[in-house]
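Turn these sequences into a full structure, and let the hints steer you where they fit.
Protein chains in written order, with our numbering: chain A, 1 to 251; chain B, 1001 to 1328.
Be aware that a few hints might be false.
[Claimed, not checked] Taking lysine-lysine and the BS3-like style, the derived pairs with C-alpha atoms no more than 25 Å apart in a straight line are:
1. B:K1108 x B:K1023
2. B:K1108 x B:K1195
3. B:K1317 x A:K144
4. A:K128 x A:K193
5. B:K1317 x A:K143
6. A:K128 x B:K1195
7. B:K1023 x A:K7
8. B:K1232 x B:K1108
9. B:K1080 x A:K126
10. A:K162 x A:K126
Quick caveat, the hints were computed from the structure, so don't treat them as lab data.
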Amino acid sequence: MNELALKELLYKIADDQLILGHRNSEWTGFGPLLEEDIAFSSMAQDKVGQSYAIYQMLNQLGEQEPDTVAFMRNANQFHNCQLVELPNGEYDFSLIRHFLYDTAEITRFDFLANSSYEPLAQLARKIKGELKYHTLHANTWIKKLGNATEESIGRLQGSLNKALPYALGIFEPSPLEQEIIASGFFAGEEVLKKQWMEKVELLLSQTQLNLPDWKTIQPVLGGRVGQHTEHLQPLLDEMSEVFRIDPSAEW
Amino acid sequence: MYGGGNTFEGIKTDSLAQEDPQKLAEFEARIARGEKIEPTDWMPELYRKQLVRMIEQHAHSEIIGALPEGTWITRAPGFKRKLSLMAKVQDEVGHAQLLYSAAETLGKSREQMIDDLITGKSKYSNIFNYPAFTWADSCFISWLVDAGAIVNQLANAKGSYGPYCRALDRICAEESFHLKYGHHCVIYLASGTEKQRQMFQEALNRWWPPMMHFFGPSDKISAHTEVLMRWKVKMSTNDDQRNQFLDMYVPKIWELGFTIPDPNLKKNPETGRWDYTEPDWEEFKRVINGDGPCNKERLEVRRVAEERGQWVREALKSPSLRYVTPLA
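Structure, rendered in structure tokens:
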């Protein structure tokens, strides 16, 4: 088994889930409706919980403890895509990001449910069940607000235009992409991207939002090899503020 | 969390003279028999008004209370704490949702209640006007503020208004987990490094005075609430609740080796009640009337959240909005 390739795959998935989970949790107490506070908080718990499960899997493969891995690395050691680290912005941006990201994630976990690495396949089958509700939530809101007022449509359109280049960065191939595919761990980013595009097109066609021609969108890459925006390190500093007071202490 | 410390200002019972005496007598007899009053049942205006005020205050306390703890979600040390705290604070926001719904059954809309919160017309639990400086402060809130709220809510759950009691039953079930989580966090600080112990001792020093304020002014100086007790709106006196809290939690705090910052605190063997330094009720009044360390910040956060979410709520009312059935 090509452990290096497997670990690389696991790290990027776990890092994505952890960072977006963290961002989602920032909506607690701050949503446009109480119901949305609660929804984002639920998704945050799922995502952070999913990252925890994958870091535990990495721990089984010889990596450090989940808490150490999550709370002690610096930004350049994280392999999440840049989309998830961007600040929440207004609700329209958080919602668009949630839609673009979770449409990719549920598709990713569909593939992972058939991974040749059995522990991952098993976990993916469980996670898929949770992600179903995330996409249900995103799709419902995009269809509602994407067909409501001039302001809601305008806001979503602006955020869509801003998020799309970063969303394409989700599919930045790993340095070990070919090994990941050849080992049967995962079908690969290119296949995932194709399915994702179809789903995004289908959903947006039910709204008054315009999807620009894919060819005109320049993907923002670098996240998968540890290159990040200026927003990730402050997020990590905040996340580890208490933990780093004494990393050997039990909290 | 986070109910408790409801403020009952002096109430005027003049309006009772205008109520139908027969209906009023039947209403009181029902309550005396232990029956619940439901939204469509006859009730005196004063009962309705006081309940709206109390439930609304409780709901506000939940969403405002989510703020000092919520700021620690992004900083919680380690996965287990992070996941637990997220779930806990989410529960609190869920409690607000339940409580606003309960209050709405009495005729006041959620929007109106939130407007009254932002303009300062209605109050929330005073304790959230104090800052949570460190992780240990958030642990104090999770354990002891929630503990205080449970004392208050278990009593109120036996009250007379059906929707509020049912909401409280659900809330109390969740609170019992919060209490366990908070206690667990504090045990880890107590049995941890010197630095961790010191963090909690300092939090205890900061939070003890507002915790003593939590149950409201001393019975000696608080407004007369006999009619509210008779109607089972208010279920026990402020001092009784404070005493019950001290009975249950002072030994637990001492057991962990911490010092409670009140040299006069001790159980009086003759009365069976706790003696303590009388809390500073002038400070309580000052803070509840807007002049506390965090009043402005808390309301400002709420106001900004409402303002930034305005377009979403407007969009939901749009006639061109298509209802989307959230089905898989």
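Hints, verified against the model:
1. B:K1108 x B:K1023: With a Cα-Cα distance of about 23 Å, the restraint between K1108 of chain B and K1023 of chain B holds, given a limit of 25 Å.
2. B:K1108 x B:K1195: 48 Å, violated
3. B:K1317 x A:K144: 11 Å, holds
4. A:K128 x A:K193: 18 Å, holds
5. B:K1317 x A:K143: 14 Å, holds
6. A:K128 x B:K1195: Outside the cut-off at roughly 42 Å; violated.
7. B:K1023 x A:K7: Roughly 73 Å between the alpha carbons, so the hint for K1023 of chain B and K7 of chain A is violated.
8. B:K1232 x B:K1108: 21 Å, holds
9. B:K1080 x A:K126: Judged against 25 Å, a Cα distance of about 20 Å means the pair holds.
10. A:K162 x A:K126: 32 Å, violated
Hints 2, 6, 7, 10 from the list above are not met by this structure, while the remaining hints are.
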